[in-house]
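Protein chains in written order, with the working numbering: chain A, 1 to 238; chain B, 239 to 393.
FYI, nobody ran anything at the bench for these hints, they're computed from the structure.
Treat each hint with caution, since some may be false.
To spell it out: a stretch of chain A is covered by chain B in this simulated footprint if at least three of its residues, at any positions, have a beta carbon under 8 Å from a beta carbon of chain B; those stretches are [stated by the list, open to error]: (1) 67-79; (2) 171-183.
Computed beta-carbon distance windows for the label pairs [what the hints assert, rightly or not]: (3) B/299 / A/131: 23 to 33 Å; (4) B/278 / A/217: 40 to 50 Å; (5) A/170 / B/300: 18 to 28 Å; (6) A/166 / B/303: 21 to 31 Å; (7) A/68 / B/275: 25 to 35 Å; (8) B/303 / A/104: 42 to 52 Å; (9) B/307 / A/187: 23 to 33 Å; (10) B/299 / A/220: 42 to 52 Å; (11) B/269 / A/166: 19 to 29 Å.
Every residue, glycine too, gets a C-beta built ideally from N, C-alpha and C.
Single-letter residue listing:
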Amino acid sequence: MALYVYAITAEDHPLDLDEQSGVGSEPAPVRVVASGPLCAVVSDISEKIRAKRRDLLIHQEVQERLMRGGPVLPLQFGYTAADEPTIEKVLLKGADGYLANLERLGGCAEYHVRASQDEEELLRQILSETPEARELNERIRAGDPDPQLPLTLGQLVAAQVQERQEALASGLVEALVPFAREHTVRQASGADFLNFSLLVPDDRREEFRAAESSLAGQIGDGIEIRLSGPLPPYSFVE
Amino acid sequence: MTMVPQSGSAVSRGGGGSTGSLYDVLELILDRGLVIDIFVRVSLVGIEILKIDARIVVASVDTYLRFAEACNRLDLEAGRKAPAQLPEVVGGMMEGGARGKSKGALTGAVEAVTDSLTGKSNRDDEEPDEEEAEEEPVPRRRRPAARRPARREKE
Chain A
1 MALYVYAITA EDHPLDLDEQ SGVGSEPAPV RVVASGPLCA VVSDISEKIR AKRRDLLIHQ
61 EVQERLMRGG PVLPLQFGYT AADEPTIEKV LLKGADGYLA NLERLGGCAE YHVRASQDEE
121 ELLRQILSET PEARELNERI RAGDPDPQLP LTLGQLVAAQ VQERQEALAS GLVEALVPFA
181 REHTVRQASG ADFLNFSLLV PDDRREEFRA AESSLAGQIG DGIEIRLSGP LPPYSFVE
Chain B
239 MTMVPQSGSA VSRGGGGSTG SLYDVLELIL DRGLVIDIFV RVSLVGIEIL KIDARIVVAS
299 VDTYLRFAEA CNRLDLEAGR KAPAQLPEVV GGMMEGGARG KSKGALTGAV EAVTDSLTGK
359 SNRDDEEPDE EEAEEEPVPR RRRPAARRPA RREKE
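Based on the provided sequences and hints, a complete structural model is requested.
Right, here's the structure in full:
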């Protein structure tokens with residue numbers, strides 16, 4: 001019977017997992033495989049599991065229950081071990097590294113910040129503050145058939161979009177980094193211009209939240225800041 | 239200005255969250271976290287659609303033309319003169335309208351992903367089993383419009 005592995009914790013973690021069921025179409029109870037100073041939190045799964053969105057939510061639910069009881073190393077979604085001896089071997093072999101990581105992440109949680117900007121609002125700003133773009137836009141709207149005009153306008157606007165959003169992103173990062181023990185900025189995707197994770201010590205949580213919400217209040221119209229957390233330290237486990 | 243604070247994770251609390259955050263957290267769950275080499279990863283076939291990576295500002299002719307068209311479409315006068323609350327109220331009451339309105343050159347990709355996450359894409363036809371499995375255990379966790387909570391604040 002294969003085992004789905006959720007997380008690694010220290011052996012002294014309270015591991016409050018009562019009635020927590022696991023991933024899979026026939027969920028088994030979440031349980032623990034212990035080895036030396038570490039525990040792996042697992043549940044039995046049938047061999048041919050195919051991940052569903054529900055499984056992602058269960059994976060996260062287990063992490064959240066665990067993080068209430070102490071430091072946790074969340075696994076990336078979807079990893080399974082063939083059997084218990086395989087897990088015991090991993091825990092034994094990696095013990096020093098896992099313990100060091102648990103120590104490093106103790107008393108902290110991850111907060112994830114994304115920011116996006118309303119497109120119309122941004123373009124409006126750019127047109128009103130960039131005479132050259134405004135003029136090109138008006139010529140096109142007045143019916144000037146020169147095929148070069150849209151390209152020139154688009155290029156100008158794209159450069160402005162990038163410049164403005166990079167400035168916004170780095171301003172947000174700079175303002176929040178002082179509250180974090182570690183941080184990581186990743187490539188933003190979709191409509192976002194910021195994808196930013198912080199490892200915030202629990203004793204600075206309130207300060208951090210206050211700073212974030214005051215930033216959100218000061219930042220311009222049409223910008224949405226989304227804060228998720230406290231989360232298990234997905235972005236900081238290694 | 240709008241913001242959507244999440245007390246705890248949107249994933250497990252469902253009701254109070256915005257999909258923006260649900261989607262945001264799912265990306266962490268799928269792409270970050272500890273990886274143990276000798277473990278085997280389950281098939282991610284039904285959910286790999288989550289992994290998009292479309293950076294908004296790409297230097298290409300397509301991007302330039304999209305931005306130019308978006309500028310041409312802007313009604314600058316109306317934008318300046320219309321009472322600020324009106325569009326918000328309409329957007330809040332008419333979910334569909336609000337979502338349609340936000341679908342511009344920047345947001346198209348995210349809408350597509352949100353739709354697929356919330357089961358609105360045609361992938362549903364191919365995967366009825368997945369939808370069934372989800373309906374009852376997580377009734378309130380899949381909500382589309384990322385901007386809705388923000389709009390509610392303003393009403």
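We went through each hint and held it up to the structure:
no. : hint                      : result
1   : 67-79                     : holds (count 7)
2   : 171-183                   : violated (count 0)
3   : B/299 / A/131: 23 to 33 Å : holds (24 Å)
4   : B/278 / A/217: 40 to 50 Å : holds (47 Å)
5   : A/170 / B/300: 18 to 28 Å : holds (27 Å)
6   : A/166 / B/303: 21 to 31 Å : holds (22 Å)
7   : A/68 / B/275: 25 to 35 Å  : holds (29 Å)
8   : B/303 / A/104: 42 to 52 Å : holds (48 Å)
9   : B/307 / A/187: 23 to 33 Å : holds (26 Å)
10  : B/299 / A/220: 42 to 52 Å : violated (30 Å)
11  : B/269 / A/166: 19 to 29 Å : holds (23 Å)
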